[in-house]
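For the protein sequence lines, the chains are A and B, in the order given. Residue numbers in the first sequence follow our numbering, run continuously in steps of one, and reach 393 at the last position. Residue numbers in the second sequence follow our numbering, run continuously in steps of one, and reach 408 at the last position.
Rather than coming from a laboratory, the hints here were simulated on the basis of the structure. Some hints could be false.
What the hints assert, rightly or not - Here are the simulated distance ranges between beta carbons:
(1) B:Asp233 <-> A:Gly298: 50 to 58 angstroms
(2) B:Glu173 <-> A:Leu385: 14 to 22 angstroms
(3) B:Ala108 <-> A:Arg228: 26 to 34 angstroms
(4) A:Ser282 <-> B:Ala149: 31 to 39 angstroms
(5) A:Ile212 <-> B:Ser105: 47 to 55 angstroms
(6) B:Ala149 <-> A:Leu385: 46 to 54 angstroms
(7) A:Asp187 <-> B:Glu173: 24 to 32 angstroms
(8) A:Leu300 <-> B:Ala326: 25 to 33 angstroms
(9) A:Ser282 <-> B:Leu141: 44 to 52 angstroms
(10) A:Pro225 <-> B:Arg104: 55 to 63 angstroms
Since the model is a prediction, treat every value here as computed from it, not as a measurement. Just so it is clear, CB atoms sit at the ideal spot from N, CA and C, and this is done for glycine as well.
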Amino acid sequence: MVDFIADKWQDILFRSYQHVSLVVQSVLLATIIAIALAVLVTQIPRLRSAANMISAIGLTIPSLALLGLLVPLVGIGTLPPVIAVTFYATLPILRNAVVGLSGVSPTLLESAKGMGMGSLTRFRRVQLPMAWPVIMAGLRVSTQMSMGVAAIAAYVLGPGLGTYIFTGLAQIGGANALNYALVGTFGVVILALLLDAVLLLVSRLTTSKGIRV
Amino acid sequence: MSTTTSGQPAPEKDSPTSAVSGAEIVFDNVVKTYPGQSTPAVDNLSLTVPAGKIVMFIGPSGCGKTTTLKMINRLHEPTSGTITIDGEDIRSKNATELRRTIGYVIQGGSLFPHMTVEENIALVPGLLKWDKKDIAARVEDLLELVGLDPSRYRNRYPKELSGGQQQRVGVARGLAADPPVLLMDEPFGAVDPITRQRLQDELMSIQEELQKTIVCVTHDIDEAIKLGDRILLLSEGAHVAQYDTPQEILSNPADEFVEDFVGSGSSLKQLSLSRVDELELQQPVIASVGDEGSAAAAAARAAGQKDVIVLDARRRPVGWYSLGEATRMSRLPQESHEDISVVDRRATINDALDSMLASSHGGVLVTGRRDEFLGVVTFTAVTEHIRSTSESSPS
């Protein structure tokens, strides 16, 4: 095991970087999509139950199946994993963003309006900062989940540590099979924990002291 | 660049003799019908709110008083009719810009929890793109005005303030951009009675200094009597039941509705019309923070007093001790561990009586502008006053 890691550490690091990079970029994209959708949903109350239903049903679609369905549409490589990870990552953030944005008291928003804030200013300076801790909580859940989803990207020859897991599974009984599978799995877990720590820090730094719990 | 038209000589506006900074508000045949409702919430209201005065809107719930208030800053738009501020139709400007020139204070202060006290107060000046330095200076002035020490409170968050302090910041925020008109929607509804009374006193002394036009919605008739230069009593559909001074409403109610609303204890409510500064204030010997306790007690005893009143460097009362208590102190401290009973000179005699009941000294301290000590009102002075007024106006 030690020999295996010593031998391959450069490759492991590179794949770890790819893995994190895929997740971070997809989650960022997902955050923007989710907040935009959440704004729409909070403006039009009828959409709310639809949004909740989609985020609940969406998460039940097996990621392997979604990737498989994407291949005939967009081919193999990096694109299908990005689409799949972004899709799954959007759902928890959307759910939390809707809760967070609609949780801002209407009295407070009316007061903001009465003071002369336009709708964009109200969103940027009141609604978003107040919903931020809840949105960040969704983002953290989303990131954890995406680390796992990204591992399956290797199935369509995408980047990341998933390749190790698939290699290990394909060679069961072979010399390095267990090493591949273990390094891939633990790698994903360790990266997920590290990334979560970073997000926790970001969440604290970007949340106003006045609403921190 | 003023666009002064004929008949309006410009110098008069800046004349130093008129300290009124408020503007007149006129409602002309204003109707508001909410969609899907057959009866209008506000039915043909015409009304003039004079510049620089406090007008209290009061009436049973659902009478349209809040709707009427919110039409002034266009949170609600009238279905028909016009509203003018200082002669200018409020629809001549963009609603958002209009709102930046009208102070808005609602129940509980409604501060933004994620912003500090300073950020909350600086909001409207910021929207108006004031210079950063001017904003900082303005925040400092306003905190002083509402009686909060800027160095201590500027960087606090709303959750670190008491209800009364939050409401004070709310008032400061409403006044931030120096608007001619201040709208208040049940501003003191969410605080305890003693704090409410303090806040009302403070609002009155602020108003004395600033002379804004203040429109204030309340459901508390005592508050309306105390604060209002005029009271607008509305019945359902925002029909004007009576629009008059508190004295007139109490002594000459227009009809049965007004009489019922004002309540049967209205002769006692006359106590709410007399202010503490109409009473004779006693001028006791006072001590300063840092004085030797026993010396202060001796001086007070020599003057025939039973207690020692301590003022700070800005003559604000900070302690009120019995002779025995004072003697036991080596130095008179900056802060007292117990509440001292203080009322503003504009407080009503009703308020003063309330505070006396809570005080252990049989009296209450009276303060003036910016909490400066003026004297002491005793229970005897109050009873004396009641006797003399009831003798002069037999009823």
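Here is what the structure says about each hint:
1. B:Asp233 <-> A:Gly298: 50 to 58 angstroms: Hint violated: Cβ distance 34 angstroms, outside 50 to 58 angstroms.
2. B:Glu173 <-> A:Leu385: 14 to 22 angstroms: holds, 20 angstroms
3. B:Ala108 <-> A:Arg228: 26 to 34 angstroms: holds, 28 angstroms
4. A:Ser282 <-> B:Ala149: 31 to 39 angstroms: At 35 angstroms between Cβs, range holds.
5. A:Ile212 <-> B:Ser105: 47 to 55 angstroms: violated, 39 angstroms
6. B:Ala149 <-> A:Leu385: 46 to 54 angstroms: violated, 25 angstroms
7. A:Asp187 <-> B:Glu173: 24 to 32 angstroms: Violated: the Cβ-Cβ distance is about 57 angstroms, outside 24 to 32 angstroms.
8. A:Leu300 <-> B:Ala326: 25 to 33 angstroms: Check failed, 47 angstroms falls outside 25 to 33 angstroms.
9. A:Ser282 <-> B:Leu141: 44 to 52 angstroms: violated, 30 angstroms
10. A:Pro225 <-> B:Arg104: 55 to 63 angstroms: violated, 29 angstroms
This entry does not satisfy hints 1, 5, 6, 7, 8, 9 and 10, going by the numbered hints stated previously.
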